[in-house]
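Visitor: Protein chains in written order, with my numbering: chain L, 4 to 239; chain H, 21 to 312.
The set of hints was computed from the structure by calculation and includes no laboratory data.
There's no promise every hint is true.
Examples of chain L residues toward chain H, derived with CB under 8 Å [what the hints assert, rightly or not]: (1) H76; (2) F93; (3) L104.
Far from chain L, some chain H residues (derived; all Cβ distances over 10 Å) [unchecked claim]: (4) A110; (5) S147; (6) L162; (7) R189; (8) W193; (9) V197; (10) L200; (11) Q301.
With a straight-line Cα cutoff of 25 Å, these simulated SDA-like cross-link-like pairs (lysine to any residue) come out [what the hints assert, rightly or not]: (12) K195/H / S59/L; (13) K133/L / E188/L; (14) K195/H / V56/L; (15) K195/H / M168/L; (16) K133/L / H109/H; (17) K133/L / R177/H; (18) K204/L / E33/L; (19) K195/H / K204/L; (20) K195/H / R110/L.
Don't be surprised by glycine CBs; every beta carbon is placed ideally from N, CA and C.
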Amino acid sequence: MSLLEVRGLRVHYGPIQALHGIDLVVEEGEIVTLIGANGAGKTTTLRAISRLVPPSGGTIRFAGVDLTQLPPHQVVALGVSHVPEGRGIFANLTVLENLLLATYGRRDRARVHQDLERVFALFPRLGERKGQLAGTLSGGEQQMLAVGRALMTRSRLMLLDEPSMGLAPVLVEEIFATLAAINREGTTLLLVEQNAHQALKLAHRGYVLETGRIQTAGPAAALAQDPQVRQAYLGG
Amino acid sequence: MPFVAQQMVNALQLGSIYALIALGYTLVYGVLRLINFAHGDIFMVGAFFSFFAAAVLGLPFLPTLLASMAATALLGVMIERLAYRPLRHAPRVSAVITALGVGLFLEHFTLASVGAQPRLMPPLIASAVYQAGPVRVTTVQLVIFLVALLLMLILDRFVNRTLTGMAMRAVSWDKSVVPLMGISVDRIIALTFAIGSGLAAAGGLLYATAYPVIEPYMGVLVGWKAFVAAVVGGIGVIRGAMLGAFVLGGAEVLVAAFLPSTYRDFIAFGLLLLLLIFRPQGILGRREVQKV
């Protein structure tokens, strides 16, 4: 059984159909990336998996459980975290409060402290700034906080929506290195990126999304060599 | 000077009651960006619950307080569930009109079920007067101030120190991301209504203790004043609601002390309007950042 199995996923925004039947599989331990142009449906796919938008058709199974009828906060409890587009940090809360908030649904309170230490070890700057309001962080630090928060939910699968957006290249390298480390420690990643070059370097496999449909899929290294993918997303 | 000090004691009494009610406006506004115009009437129902607990069931002060807070909290949750939640994604104006409608419903439901004649709240606090230097303080004033202070301290601690309090603040910042933290937004909103309504019930009991005549329309003017207090302090900011309530109580008492009391509301509200011209976001309010 795959960790995540999406079959025939369709999503409508009013009369507009955003996804036309997406099939996608993520195995435990993998890093899978979803690349494609603006408006291809990458964000919508993630939002449907975490149930922020209701699917109009198809199935989403996580560890065998159908997610399509669940409210989003229960999807988190099952073990799916989501680092949303634009980071979605709570600027009026401190860094520490942002991290603690993500443990709201957890019952293993005793492990929270240990997980905080882990996040601060991965992102020392968050530890230095834990008492600061999250709104005062730089863009890169906010992205670290968003990833740290997802870690605090103790998820098996982490959905990441454009973690490189708006960051300087050196910070992108740093974030991607950390994502690789998080994956080595056992968290499965489904990564949406416009920065296809970086994403394919990190991922094991990839899907190319075009106007709400999967266009191509395969091992990341093969996609990076695919002439059509190179032409469209890697600048030739 | 003793005269002014005495007036300050009176202002504390009034401000305490306004604060408990103003908190409900500001809490609900914080999580829903909705002015709950029914809140003054929730305060009134809380006063009636207190009346029934005290006069009919014969409960003493503390059980009356707790019973009335619990019953009114439940009422607040029901109002949210039945009247506001179905309109969560409707245009803002629909929710505002619904809130006005809920207020009228509560007034007239109370009118129809208990009648129009005012009820006399039985005295629950043995009255005694203490002389503290130049100032006279009654037990009633003391109880009002201490109960309000205690409830505000508990609320402040709850909102700032507990995970659920953090969740309430997170909802007020950006509801859309909150579910991703494993938190049910609906539950946080329901809880916010419960807390706001419970505090209004405490205000209702304290009000009825100080001014023991209660009737179905008593929530209208008091509700408006508490709303103004919340706006003056900075709507959505919890400590602002408390501060605004004491500013309003102080303004009212001072105007009434030095001018004919018919000028009281006119001058007190005039001053507050002036303040809002110069500081539209309220004393402790932050300018709302419009998010697209």
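Visitor: Under the constraints set out in the numbered hints, which ones does this structure not fulfil?
Guide: 7, 8, 9, 10, 16 and 19
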